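S.K.: Sequence:
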Amino acid sequence: MSRVIEINELNDLSGYRLAWDYLLRQTPGASFFHTLDWLDVYWRHFGAGQRLRVLVVLSNDRPIGIVPLCVRTERYRAGPLRVLTYPLHDWATYYGPIGPNRTATLLTAMRHVHQSPRDWDLLELRWTDHEQHDRGRTKWAMQAVGFGCDGQPWATTAVVRLDGTWDEYLASRSPKWRANRLRAERRLAQCGTVTYVRYRPPGALHGDGDPRWDLWDACQQVAGRSWQSHSTSGTTLTHGSVRPFLAEAHAAAARRGMLDLNLLWLDGRPIAFGYNYHHEGSVIGLRMGFDARLAATGCGNVLQARMIQDSFARGDQRYELGPGTLRFKCRYGTHLETCYRYTHFPPMQLRTVALRLKRRWDAFWRRRRGAWHRTQSTASALACPSRNSFCTAASLARTNSGPGA
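Counting from 35, one number per residue, gives the positions in the sequence shown under my numbering.
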């Protein structure tokens with residue numbers, strides 16, 4: 035018989051750390067964002083105004099899965115709504131239940147939510163990896179307990195498949211791309227001695243969880259000189275609203291052996307960085323930047339290409355290029371991936387009904403625009419066969435997906 039223990043206080047989760055780590059090792063597609071360490075750091079920095087609802091699913095009194103949830107107030111045109119969702123807040127592309135028994139875990143968790151007093155206006159499970167691991171389980175579990183739901187694309191990201199060799203990857207790029215890469219390498223080499231450093235500590239369990247604050251500080255220096263340094267949206271490592279949080283997450287990732295820090299140096303001075311997390315052959319890009327004064331050298335492109343080349347050499351399996359415009363990411367990605375949101379709109383609630391109608395209207399017009407863009411792209415491809423088809427796909431992805439309302 036399955037049952038749920040609901041945890042609402044962060045400190046009460048400490049007793050489940052061993053079970054969490056045990057289940058994490060069996061979770062398909064797990065990343066640093068699925069760890070209790072991530073949730074602990076995130077909640078202490080951003081949990082104010084939210085309500086934690088971590089559902090521990092037990093079978094015969096043994097944990098078989100964990101579903102971390104939270105209730106957060108979000109503002110829409112129809113007014114503020116309390117949203118029950120995962121505690122990710124768009125820091126990554128994918129999230130979901132912890133553990134190998136995804137179907138049973140989701141079903142039991144959704145039944146618990148359905149039977150509990152409702153403290154939310156909207157149930158929305160975002161960042162669902164429908165194509166690879168979820169395979170419709172989220173939608174089925176919600177519907178099985180009586181939550182009628184709508185599914186829509188939430189975000190699209192560019193990914194590099196690393197299942198071949200570096201030479202095969204190069205061969206898949208356009209001649210112009212390969213020429214630009216070599217040109218950038220030569221141009222940068224003419225400026226001085228170029229050094230590439232990639233730091234991946236094995237973790238405290240293996241005797242080395244050193245966060246290397248000197249390398250972190252070097253990333254901060256570059257971020258402060260990048261063109262994004264004046265951003266007020268928290269997109270840089272140095273932004274005041276996220277810097278303390280990212281520093282604490284940095285230490286946690288190093289302890290767990292999930293840190294992947296990349297730096298490009300010119301004559302001993304850091305000029306570009308790529309800050310990622312990694313786990314079991316999967317690399318997730320978090321932030322990237324380069325010294326704006328050296329933009330003409332193409333140092334950012336040099337670093338990106340070297341990271342991909344090194345990932346091939348290390349035997350990584352996939353590299354998710356992270357946040358940023360697909361127009362840039364498509365130069366390096368081999369394919370696009372889309373995560374989905376599954377939303378239950380409670381009936382007889384005017385604001386959620388209005389939101390549902392608006393989303394359906396927006397989806398209708400996105401499909402119309404997508405059909406028009408596909409027609410134009412086909413015409414362009416026929417007129418210019420050398421057109422980059424991946425960039426065309428990226429353009430269509432921008433048209434047909436996105437959080438919207």
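Mixed in with the good hints, there may be bad ones.
Computed beta-carbon distance windows for the label pairs [stated by the list, open to error]: (1) 344 <-> 401: 24 to 34 Å; (2) 281 <-> 225: 40 to 50 Å; (3) 48 <-> 384: 35 to 45 Å; (4) 395 <-> 152: 18 to 28 Å; (5) 45 <-> 302: 19 to 29 Å; (6) 79 <-> 56: 22 to 32 Å; (7) 394 <-> 225: 31 to 41 Å; (8) 79 <-> 35: 49 to 59 Å; (9) 227 <-> 314: 53 to 63 Å.
No lab work stands behind these hints: they were computed from the structure.
On a predicted model such as this, the values are computed, not experimentally measured, just so you know.
The C-beta atom is built at its ideal place from N, Cα and C for all residues, glycine as well.
S.K.: Evaluate each hint against the coordinates.
M.R.: Consistency of the hints with the structure:
Roughly 40 Å separates the CB atoms of residue 344 and residue 401, a value that falls outside the hinted 24 to 34 Å. Against the hinted window of 40 to 50 Å, the Cβ-Cβ separation of residue 281 and residue 225 comes to about 31 Å, which falls outside the hint. Evaluation of the 35 to 45 Å hint for residue 48 and residue 384 yields a pass: the beta carbon distance comes to about 42 Å. One distance hint, 18 to 28 Å for the beta-carbon pair residue 395 and residue 152, holds here, with the actual separation near 26 Å.
Distance hint check for residue 45 and residue 302: the Cβ-Cβ separation is about 45 Å, which falls outside the suggested range of 19 to 29 Å. Distance hint for residue 79 and residue 56: a CB-CB separation of about 26 Å, consistent with the stated range 22 to 32 Å. Here the CB-CB span from residue 394 to residue 225 is close to 54 Å, at odds with the stated 31 to 41 Å. Between residue 79 and residue 35 the Cβ separation comes to about 38 Å, which falls outside the hinted range of 49 to 59 Å.
Restraint check, residue 227 to residue 314: a C-beta distance of roughly 34 Å breaks the suggested window 53 to 63 Å.
The structure fails hints 1, 2, 5, 7, 8, 9 (numbered hints given earlier, in ascending order).
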